[in-house]
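Chains A and B supply the protein sequences, listed in that same order.
Here my numbering = 1-based position in the first sequence + 4.
Here my numbering = 1-based position in the second sequence + 4.
By construction, these hints were calculated from the structure, which means they are not laboratory data.
Model, not experiment: these values are computed from the prediction.
A hint or two may mislead.
Identical copies look the same in the list; a pair holds intra-copy or inter-copy alike.
[Claimed, not checked] Restricting the straight-line Cα-Cα distance to at most 30 Å, the calculated cross-link-like pairs of lysine-lysine (DSS-like) are: (1) Lys158 to Lys181; (2) Lys165 to Lys181; (3) Lys98 to Lys62; (4) Lys62 to Lys181; (5) Lys98 to Lys79.
2 protein chains.
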Amino acid sequence: MQLDDRSLNILFREARTHTVWQDRPVSDDSLHRLYDLMKWGPTSANCCPARLVFVRSKEAKQRLLPAMDPGNQEKTRTAPVTAIVAHDYEFYEKLPRLYPHADARSWFAGNQPVIDTTAFRNGTLQGAYLILAARALGLDAGPMSGFNNDMVDKEFFAGTKVRSNFVVNLGYGDASKLHPRSPRLAFDEAARIL
Amino acid sequence: MQLDDRSLNILFREARTHTVWQDRPVSDDSLHRLYDLMKWGPTSANCCPARLVFVRSKEAKQRLLPAMDPGNQEKTRTAPVTAIVAHDYEFYEKLPRLYPHADARSWFAGNQPVIDTTAFRNGTLQGAYLILAARALGLDAGPMSGFNNDMVDKEFFAGTKVRSNFVVNLGYGDASKLHPRSPRLAFDEAARIL
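Using the sequences and the accompanying hints, generate a full structural model.
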């Protein structure tokens, strides 16, 4: 079973990072459908460390904008939704439910280097699942890491062990504003078969 | 434009992490098609730090197996291909070509904390693109982080600034050997809308 060419184009070949947005809202229902897809992507020991804040209201956007790099403020202000992709450094407390086959909590608790790497790696994987799930549902995505993580964490995650990773603008992009696509590395530059 | 339900099932809802593999090879052509899809996934400043080693021959597998955790050795031995997902900490040297609009190299060169975070975050995103691209092309994936990264790096990336991140078994899984699926967090446990 595989996807047809049209679907591969939507997900990969013709998908672009958008920065100019149509004035068209994204509903609660769309965000729930988005989560209900991306949640199935695999993580190590099913640890599911990603935590998401969908910043949509004007009031919430005003809390986010000062943390964005100057070049990322206008696209974030005008995006229908900006998803903050974060991860919970206490993810392992949920493992008795998420991974009931073994005492997976004990693999992490007290081992901070493993907690840190696992949270960042798997939260990032889930961020990529979010980007591709958005495209699969007909949304455009604009991922960005150009912002002040500490400011976002103070504003949105104070008093928790959740920390921001990157953000993804979501909505319906204006394709007429896209620049020509940048090149990618050839197979032999990025990969080898042994 | 969005994907139909069948495609969403293949990518997310019905896709599983496989550990038992059919004796059915994965061709060079399949690996090239896989790379030619996943390469389009977005990375920060188009930095494309992921480097892949597709470990397929018996000889190459013998170099990899001692680094795997005991519980991951048999599934890695029997997988038609094991992709080592790594990232190049000198990725920024390719930015004059990958991001020709600005002097993006200067944003990274000499700034090791930014290099480290960017390489790990974006290399991981590309690893997620690899997993979903494999599923889109009809392959099953079995991602794993249970191995000794230093041993893999010494064996496959000596003398370079490339370091391993995680590995992904690729092939055609035996669905009869799957366990029941583990639960995921509910929307309200992992996300909020502001």
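Do the hints match the structure? See the list:
1. For the identical chains of this complex, lysine 158 and lysine 181 are neighbours neither inside a copy (34 Å) nor across copies (46 Å), given an alpha-carbon limit of 30 Å.
2. With identical chains, the CA atoms of lysine 165 and lysine 181 are never at most 30 Å apart, being 39 Å at best within one copy and 37 Å at best between copies.
3. In this assembly of identical chains, lysine 98 and lysine 62 lie within 30 Å of each other by CA distance neither inside one copy nor across copies; the values are 33 Å within and 39 Å between.
4. When the C-alpha separation of lysine 62 and lysine 181 is checked against a cutoff of 30 Å, the pair qualifies only within one copy, where the shortest distance is 24 Å, while the shortest distance between copies is 49 Å.
5. Taking CA atoms no more than 30 Å apart as the test, lysine 98 paired with lysine 79 passes between copies only; the shortest distance there is 27 Å, against 35 Å inside one copy.
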